[in-house]
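Which chain is which? The protein sequence lines are S and Y, in order. Counting from 1, one number per residue, gives the positions in the first sequence under our numbering. Counting from 1, one number per residue, gives the positions in the second sequence under our numbering.
Bear in mind the hints are in silico, worked out from the structure with no lab data behind them. Each hint should be verified, as a subset may be incorrect.
[To be verified] Simulated crosslink set (PhoX-like; lysine-lysine; CA at most 25 Å straight-line): (1) S:K70 / Y:K83; (2) Y:K78 / S:K51; (3) Y:K42 / S:K104; (4) Y:K57 / Y:K42; (5) Y:K42 / S:K70.
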Amino acid sequence: GQQLNQSPQSMFIQEGEDVSMNCTSSSIFNTWLWYKQDPGEGPVLLIALYKAGELTSNGRLTAQFGITRKDSFLNISASIPSDVGIYFCAGQLPGANSKLTFGKGITLSVRP
Amino acid sequence: EPEVTQTPSHQVTQMGQEVILRCVPISNHLYFYWYRQILGQKVEFLVSFYNNEISEKSEIFDDQFSVERPDGSNFTLKIRSTKLEDSAMYFCASAQAGRTQYFGPGTRLLVL
Chain S
1 GQQLNQSPQS
11 MFIQEGEDVS
21 MNCTSSSIFN
31 TWLWYKQDPG
41 EGPVLLIALY
51 KAGELTSNGR
61 LTAQFGITRK
71 DSFLNISASI
81 PSDVGIYFCA
91 GQLPGANSKL
101 TFGKGITLSV
111 RP
Chain Y
1 EPEVTQTPSH
11 QVTQMGQEVI
21 LRCVPISNHL
31 YFYWYRQILG
41 QKVEFLVSFY
51 NNEISEKSEI
61 FDDQFSVERP
71 DGSNFTLKIR
81 STKLEDSAMY
91 FCASAQAGRT
101 QYFGPGTRLL
111 VL
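Go ahead and model the full structure; you've got the sequences and the hints to work with.
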């Protein structure tokens, strides 16, 4: 089946720093999504990307859909303590409302 | 802003017992999903549901699992005879046609 690769498993940054996270796959996806999960809660959608090459921003977050359709990155600028959490990428195959395939997530820690 | 809700937030059950997890999707959404997340692991797809029937299911979704939309608002996941390895967070998600999936806060299931 499809697999999404996210590494490293954990990242530690200083408050105010920028951070970039990658997600790669051997499969082509039609849609890439980035979710954030806080402990004990459900994934919250951050950014959705629908076209290869698309670059989308949501406040301090920027994400891009790779032109090969096999990768995506998420940038967080000027990190703040509430950015702490697990960041998952997810891919969606062609087909209306098909399932999401998730990466293993990256746990982000922000030192004040 | 409308959101997906799930009940209960936590459920503890004995191995072999039946459990029913409940979800109220966002009201104008037509596509419904169940995912699960074993502690410390990635979110995994279980089943998708549209027009009162299963659209797709994963290999995890065996004969012990079933889904139902008993009325116009609820969407349920039943596990007939729980096993220890069913312990996980179970997330419900819903979506409009061709749009992104929104997740509920999850039910933490513990099978003893």
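Taking the hints in turn, this is what the structure says about them:
Only pairs whose Cα atoms come within 25 Å are accepted, and S:K70 paired with Y:K83 is rejected, the gap being roughly 36 Å. For the hint pairing Y:K78 with S:K51, the CA-to-CA distance comes to about 37 Å; that exceeds 25 Å, so the pair is violated. Distance hint between Y:K42 and S:K104 is fulfilled; the C-alpha atoms sit about 5 Å from each other, no more than 25 Å. Proximity of Y:K57 to Y:K42 is assessed by CA-CA distance (about 17 Å); at most 25 Å being required, the pair is judged to hold.
For the hint linking Y:K42 to S:K70, the alpha-carbon distance of about 19 Å falls within 25 Å, and the restraint holds.
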